[in-house]
Amino acid sequence: MHLKYESQLREPLVYGSKTYHDVTEDIVRPIEAKPSKLWYIGFYIAVALLLFGIYAIYRDVTYGIGQWNLNKTIGWGWDITNFVWWVGIGHAGTLISAILLLFRQGWRTGVNRAAEAMTIFAVMCAGQFPIWHMGRVWMAFFVLPYANTRGPLWVNFNSPLLWDVFAISTYFTVSLLFWYSGLLPDFGTVRDRAKTKLRKHLYGIASFGWTGSTKHWQRHESLSLVLAGLSTPLVLSVHTIVSFDFATSVVPGWHTTIFPPYFVAGAIFSGFAMVQSLMVIVRKVFGLQDYVTMGHIEAMNKVIVLTGSIVGVAYLTELFMGWYSQNKYEGYTFWYSRANLFSPYGWSYWGMMACNVLSPQIFWFRKMRRNLFVTFFMSVIVNVGMWFERFVIIVTSLYRDYLPSSWATYYSPTIWEIGFYLGTFGLFFTCFFLFAKYFPTIAIAEIKYVLKTTGESYKEKMGHLENVDASVFAHSGHGHTLVENSGSV
Amino acid sequence: MSDKKYWQSFGELNNSEAYQQAAKDEFREDLPLEADNGFLEAKAPRRDFLKYLGFSTAAAALAASCETPVRKAIPFANKPEDIVPGIANWYATTYVQDGDVVSVIAKVRDGRPIKIEGNELSAVTKGGTSARVQASVLDLYDTNRLRFPTIDGKEVTFEAIDKSIGESLSGAVVILTSSIVSPSTKEIINQFIAKHPGSSHVVYDAVSYSGILLANQASYGKKIIPSYRFDNAKVIVSLGADFLGTWLSPVEFSKQYAAGKKIDEKKPVMSKHMHFESVLSLTGSNADEKYLHKPSETGAVALALLSAINGQAINVGDNKLKAGIEKAAKELSSHKGESLVVCGSNDVNVQVVVNAINEALQSNGKTIDWSTPYTNYQGIDADFAKLVDDMNAGKVGALLISGANPVYTWYDADNFKKGLAKVKTVVSFNSKNDETTQLSKYVIPDHHYLESWGDAEAKAGYISFIQPTINPLFKTRHWQDSLLKWSGITTDYATYIKNYWSGKVGGETGWNKILQEGVINTLNNTITSSSYSGTALTGAMAAILSAKKGGKIELQLYQKVSIGAGQQATNPWLQELPDPITRATWDNYVIVSPAMAKTLLDIDLNNNGQADSYEVNPPKKVVKVTVNGKSVSLPALIIPGTQPDTIAIAVGYGRTDKLGKAVEGVGQNAFPFANLTNGTVNFVNADVTVEKTNDTYKIAVTQTHGGYDTKQGKRTEVMKELTLAHFKEEPNEIIDDREKELAPYGGIENFEKNGTIYPYFDKPGIKWGMSVDLNTCTGCAACVVACHAENNVPVVGKPEVLRFHDMHWLRIDRYYSGDMENPNVVFQPLMCQHCDNAPCENVCPVAATNHSSEGLNQMTYNRCIGTRYCANNCPYKVRRFNWADYTGADSFPDNQKGIISDVTLMMNDELTRMVLNPDVTVRSRGVIEKCSFCVQRLQEGKLKAKKESRPLKSGANNEWDVKTACQQACPTDAIVFGNANDKHSAITIERVENKQRTFYSLEQLHVLPNVNYLAKVRNVEEAKEEKKEA
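Listed in order, the protein sequences are those of chains A and B.
Each residue of the first sequence is one higher than the one before, starting from 4 at the first, in the working numbering.
Each residue of the second sequence is one higher than the one before, starting from 48 at the first, in the working numbering.
Keep in mind that a hint or two might mislead.
Said to hold, decoys possible - Okay, the calculated beta carbon distance ranges per label pair: (1) 152/A with 807/B: 30 to 36 Å; (2) 39/A with 654/B: 21 to 27 Å; (3) 105/A with 907/B: 41 to 47 Å; (4) 72/B with 141/A: 56 to 62 Å; (5) 326/A with 366/B: 49 to 55 Å; (6) 195/A with 907/B: 55 to 61 Å.
Simulated from the structure, these hints should not be mistaken for laboratory data.
Just so we're clear, the structure is a prediction, and the values are computed from it rather than from any experiment.
Cβ coordinates follow ideal geometry from the N, Cα and C atoms, glycine included.
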């Protein structure tokens, strides 16, 4: 294991005087203990929502999409809004694990496991919408390019929806592999500590026979890097392709070249907000404040204010282009259907602006970035805002497009449309609760990896190195001896 | 061969009784159970149990899975000579429905009539149809038709009912009918009256033309309605006559009117149509100039017009109206002998003045033809009023009713009902259980016209024949049969009519010929005049001047193009047909002007927020209309082009629930608001009170927004309209505009190639194209219903239309432009534009919609998975999604009760489904559908040409192999369709000859539509500023 020296100016990533053992104890404790009452309550609520969602889908499949309030003009509404919303949320995990890994950002270790789990569950939720929004879902396999007996029939590679199929399934697969490969050493740890046969057996299977040998570690490291390399373009490509669903169309308000970067920024924005929402709770409930520190939270808030401002610029650019292009159709969509607060859906545009552009600016203040309550509240606001954004893009563009004769009546969802959305919350939280109970919510091995460079107590002990002359430090073999001499471990 | 007996067992050898018994059994051996003494005592109960279990499971599974659905398709044992499965037979017949008489041909597939087309041999309607004609085939399969004769509601046989009535036909028998256009029926009625002394025949029309009839008697001494020749009129002034929609003979008039509206680019001339009305009508929408007045002022307007034509000064309060009258007078006077004034009023005095106007204009004998008068409206209101009095006085012994429904349509229905109760014998001949039939003791169901024999002479000299296209579906019979029987004549009506006509047309051969052609056209085509007497004029003028002035708010009753007076209200196609003006379905409502909306409803349409809120929310405010203690609460729709102090309600709604699901809870009856003035029924009520209530009621409209002008710019790519003066001045303006728009891509010529980065494809062979002339399209909606019938387009019912789920493949967009109080109106039929670079095609992930080599945008229902992406990406929004199982074609059968409207379920009834076109797939739940350019007809036409080894004919020399349903239905030939690659086809000629007006909707998107439009031109002198969009 290589060591690196980290400046004292940097906040420690792990607080407290932890040994490797302490780390293991802290993180594995929830797995080995009985779940709390709160866990049960939360889990049952999640399952109830999931069942309601299943019933909503049952109705939609049995009776038709008419169970929803979509219409001849507004062909997509809550379904695709929710799809894009969940896909967006599913962006933070891979970004944290892949891009931050490549950039060697140590702070990712505290949150990457949960963020990746969230990614996977969010993508699972997202995937429900394009599937169940089909009029004939039993024919959904038509979207797969498989050898068939239907003569020359083949999928349409021109269609962005087909690109979605590939983009999302690829993203899901790679994210899942990445997440799972990271879990292997930790499952090994849980297995080795197991006191019951069943647990030993199950975690034994789950850990794929991890022994912790050097060879395993070496392969694990390489695999992580390869997967990180693979996922990095995916982080950008998935939402780019999702944005193509809109950008390649002719609908005013959709047909916009700015969409790919704007969507990716928005996705990271909402993804980080979701990570915040979850981590603020998880660290509290499982007592993991030492591992998910205020430093982590602040770092993520910085990402939120950055990406929030990027989407803000995108919104303003759209408005500008709506005027500058002098295209009457775009002009109408942007300046009347959206920016006019008193138009039928004006509220959603201004809701989006308030939630996504204005309110995150609060994070320019350090005090606010480090305030748990503000963080949690803002993380919810941001996700509400990002939901509005997708709703604005989809519904306000569709409901009044080219021919005024086709302008639609007011669209609001039915209980089954809302039920489907709630159901995906059910799915998400059911998965997340199970994850929190049965999986190490923080990457044990990776925390240990950074513990001795960035753990609070170790940093303190290294304090004297600040005064060591650079040439001496360099001469000492990258500080190995100096650190060892400081008498840790 | 030896006769040795081979045996398998001793039983067989001895042929014992037990053996014989066993041989008869299906299973010779018992199950090899080891249970001798019952199951539980068995040696090995477990094994036996398993055997039982195995057998019974297998048996149950077999029994359950072997049940196959019962299919009722039975092949012919002996195939009839003239029925070839898959090949349609066509029968000429005639649609007759309370005044509307249209010669048609019925398409019969495998014994069932499925489609009505106009009969092109008719010199009156010339192949035109209307929405109601197109929809009439569905009435045949109405599940709520009367199915057997009844006495007091109990089913009886025809013999029993004949016997019972034969005994009770005493005293004065009155035959009450709507106008009889059938010469043979008239003769039968006369014979009946001769047989029953003291009997009489009273004609009653729900919407009467007594005013014209009586006025003509006063002015010309003839109680008839002459023919109007709109095609000979260069100036047409209509005082509230909706002659393109509902007045007198709309299909015929539409054809004539369109002749004056066709524009020849080289010498652009058009007839001039000026319209005076109170409420925006279909005809008013088409007028070049339109002026508003209160309904009670019709007489005053007519008088003013007469004065102005005579060169006198006129005194009209409203300046706009005054200017309009003066202008109309000027136009009319400068076209004497080639102008026409018609008036929709039922007031004798007003019509007398109109006669005087037409005399002053020398129309008599030029645009008014007395040689071929109409017989489709003969009712005199006073006669019927007298009958009601007689009934109440107990003077009527028996009442035989056919085609009349006074309990519903008479303004004073209660009085009629009271009288009806005093009539001993009431017989109703009807195919539906309408309001009057319900109160009749004897009900003898009549055939639908597609099951009937008959003749119709709605215009003297033009006879159209009715022949059955299907055996009667129920125990029904011609009402003429009853009359014949009760007159003691033994021949039935079928024989009677054959005998009646054979003699006149040259025997059997002649009879067959007229049945085949369906019509006899008069050879005498000369327009004749009638001698005029102005004696009645002074009295009429005095009466108009002294007439009571209207109150603050006036009520105008009107007929909708779809529902008329309500005879076909049970027809779901018509109920779901959006009204051309209001675009509303399934209801009647109170029409109010934007000005009244502001004062009465607190809705200001000039305020964007309020206008939006009014448009996007289906619940509309309910108002209560009260007249003389009678009141009705109906939702209010704001319609520009309504006189500010006028409200209007359509008649024909609020029918009895017993007529079927289609009318349950649909609208309210407005007939009680009519009144009897000077002996004629007046559909104007000059003093009503309107109050706002706190209720709202949802109205299912299919188009929420009416203008194409937005703050961000006028959407002239969608719609182009201009004035004739402007067109003459700058004939190339539209071309120039298009060139300018497309200039970055090399202009119109190179746009297709340069507007894209993709390679260009040649389009050899057939290339289908369509052209719609917005100038001749009147918005009558016949095409919409024709499309419904041809393509099995489902009816979704009001709850679904409310949710914007209507399925029309073809819709007629209505746009307003200009002044909101009195706007210009333009109609744009919109079907799939079959774009060559279709945005729907490339977004479908499974390639379910794709392009044919003939330029069709095709929809593959089997392949569609229902992502609706294509619908979102269609800039014309013509794609329709099957939100629920509207057709009963779903993989989850019969689970839609309570999910979709009962009307839709009724449409899936076995009986109603007989109307489906077998050439067109019914679409299942979850797939997109849309206009296919009637691809089934194209295939049929191509095959026909191929079999005859010749090129396809698409309109060259007016020879057609293919016509789309909408094109064929159009009474004004506004739609032209054909092979655009054929230099001689009608579509090519239409496009070449109308270059200056051709435009493609949303052309700038480079979707390359195959449907083009010809711009609307209004015959207005001033080149108005607003028409010139930079």
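Going down the list of hints, with the structure as the test:
Distance hint check: the CB atoms of residue 152/A and residue 807/B are about 35 Å apart, consistent with the given range 30 to 36 Å. Taking 21 to 27 Å as the suggested C-beta distance range, the pair residue 39/A and residue 654/B does not conform, at roughly 57 Å. Checking the proposed 41 to 47 Å range against residue 105/A and residue 907/B shows it holds: the Cβ atoms sit about 46 Å from each other. Taking 56 to 62 Å as the suggested C-beta distance range, the pair residue 72/B and residue 141/A does not conform, at roughly 46 Å.
Between residue 326/A and residue 366/B the beta carbons are some 41 Å apart, a value that contradicts the proposed interval 49 to 55 Å. Distance hint check for residue 195/A and residue 907/B: the Cβ-Cβ separation is about 58 Å, which falls inside the suggested range of 55 to 61 Å.
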